[in-house]
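S.K.: Chain by chain, the residues run as shown.
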Amino acid sequence: MDITARVKALLIGRFGEQVIKAEERVGLQPALVVAADHLSQLCLFLRDHEETYFDFLSSISAVDDGMESGTFTIVYHLASIPHQQQLTLKVIIPNDRRLDNLPVVPTVSGVWRTADWHEREAFDLMGIYFDGHPDLRRILLPDDWEGYPLRKDYEEAEAYHGISIK
Amino acid sequence: MSMPSVTEKPYQEALRAYEARLAAIGAAEMVINMGPQHPSTHGVLRLQLVTDGELVKEVIPHLGYLHRCFEKHAESMNYGKTIPFTDRMDYLASMNNSHAFVMGVERMLGIEGRIPKRVEYIRVLVCELNRIASHLIAIGTYGIDIGAFTPFMWCFRDREHIMNLLEWASGSRMLYNYIWVGGLFYDLPVGFEERCTEFIRYFKPKLVELDELLTTNQIFISRTANIGILPADVAINYGCSGPMLRASGIKWDLRRVDGYSVYPELEFGVPVGKGAMGSLGDCWDRFKVRVDEIGESVSIIEQCLERLTKELRRTPDFDPRALVPKKINLKAQDYYVRAENPKGELGFYFVTQEKTDVPKRIKARGPSFNNLSVLPELGRGVLIADLIAILGSIDIVLGEVDR
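Read top to bottom, the protein sequences are chains S and D. Once you know that position 145 of the first sequence is 145 in our numbering, the rest is easy, because the numbers rise by one and skip nothing. Once you know that position 139 of the second sequence is 305 in our numbering, the rest is easy, because the numbers rise by one and skip nothing.
These are computed hints drawn from the structure, not numbers from a lab. Just so it is clear, CB atoms sit at the ideal spot from N, CA and C, and this is done for glycine as well. Mixed in with the good hints, there may be bad ones.
Just a few of them, taken from the derived set where beta-carbon distance is under 10 Å, the chain D residues facing chain S [said to hold, decoys possible]:
(1) Pro176
(2) Gln178
(3) Tyr184
(4) Leu229
(5) Glu237
(6) Glu241
(7) Trp418
(8) Lys526
(9) Lys529
(10) Arg569
Produce the entire structure from the sequences given, and follow the hints as far as they go.
M.R.: Dropping the structure here:
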């Protein structure tokens, strides 16, 4: 049994069937699609369980699934230093793309402190709101920037503070 | 508290909280701006320090002054054209960046196992040369951060030889675009192996000299030992990797863990911090790990040269571009590739789409970005002068922090 299947069994045993939405096996790396509601407890469980010890969060990537799908995907790449394993978790959030209604995901910055900046970056560039984040400011762009540039429907502004940027 | 004005936008509570925090500092405290043009920030990093006299109570980093929209650009061009952009992320180790990127695309294409051995050895050779160059900058500028000028000159003198070698191979001094998907831009120029051997012969005694100049230097030890101690659990929790993590005593090197390219065929050690001059994971340990890694890279280069001049020597019909695909056709999938850069774990997350050679999304995970995020933790309660020593020991490149 590979690590993804093992983690799936562990999570179902701990949190119940509804926590796993799907298991992806299309590409080179399998991934687990998990429910958003208990994300931080789930991550804490994976970090501290002796069979997994996913103590290293490599990255958090926010993906815009495209205009027709109407969803955003947040991808968590975990690594376990004691077990030398890797795991991919995904959370898929439906959203209508309105700028005053961002997709909401619970923060995991309490589990891995490195998530703090990764989540700020996802908020800054893709407009994902991380519920419970201690300091969710923009990180790469100026604080007064309009819109979220990595979204597929992003349109550049004509000017920024009177400077033409087209 | 004032009422929200009509221009108040949603999702700005954290910004308001940050502004309120700075407005409410105590009478004895002062907010000092360090950067973005401060020389010891190694680029355009701005740090806001809340200080009480010489004591730093809080560090608030501000990034983004060098943000060049790598991820947005990557969504508008094919994989081959993105390679020069990866070079500009960690511009002190361009070869390593393109190697990681290229490996990811090759694995998705499934041609990873068919790359000729000579190509793989040349890749490792130039990557390790670049690793030495990057560590030389780290050490040289670290010396200058804490007041030693000589190592800076020595490091740049030796680095210049590496720059010349790599320029000879690729045509460019720092931003190479040399490693391509499926192969290389060109084979090594005739005579490269010999000149590289000559350089190694020259460099080995220089490395000993450099080591003696700083490592056991009492002034240097006083400035770095027991400063900025980073325990291993904190380092892991903050996503620190590379020399930062190894200096805290964790033997974690992706060249060994993942065993990519031809690294499993090569012999090299993984230096870790031991707390020899102070405590485990202090600034001195981070410096020492880099010095030791240069020694290991030298040994890897010697082994590569040995093979490149014997069983894998150049032949007239060898074509390093033989496997370079005309058009990269990938099925829709996603893949996260990671590689050991001089600064730590460099990751690329690819999301591909059908019937086009333009990716849907590329996310770059820069090691400097994560290593820097631990600075507010390390910088709490230290002296301002020590903060400079801590920042220098993290060895960041802003091109990669901001991307």
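S.K.: Could you run down the list of hints and mark each one as holding or not?
M.R.: Now the hints, each set against the structure:
1. Pro176: holds, 5 Å
2. Gln178: Holds, about 8 Å.
3. Tyr184: holds, 6 Å
4. Leu229: With a closest approach of 6 Å, the Leu229(D) hint holds.
5. Glu237: holds, 6 Å
6. Glu241: holds, 8 Å
7. Trp418: holds, 6 Å
8. Lys526: holds, 7 Å
9. Lys529: Hint on Lys529(D): holds, closest Cβ of chain S at ~4 Å, below 10 Å.
10. Arg569: Holds: closest Cβ of chain S sits about 8 Å from Arg569(D), inside 10 Å.
In summary, this structure violates none of the numbered hints.
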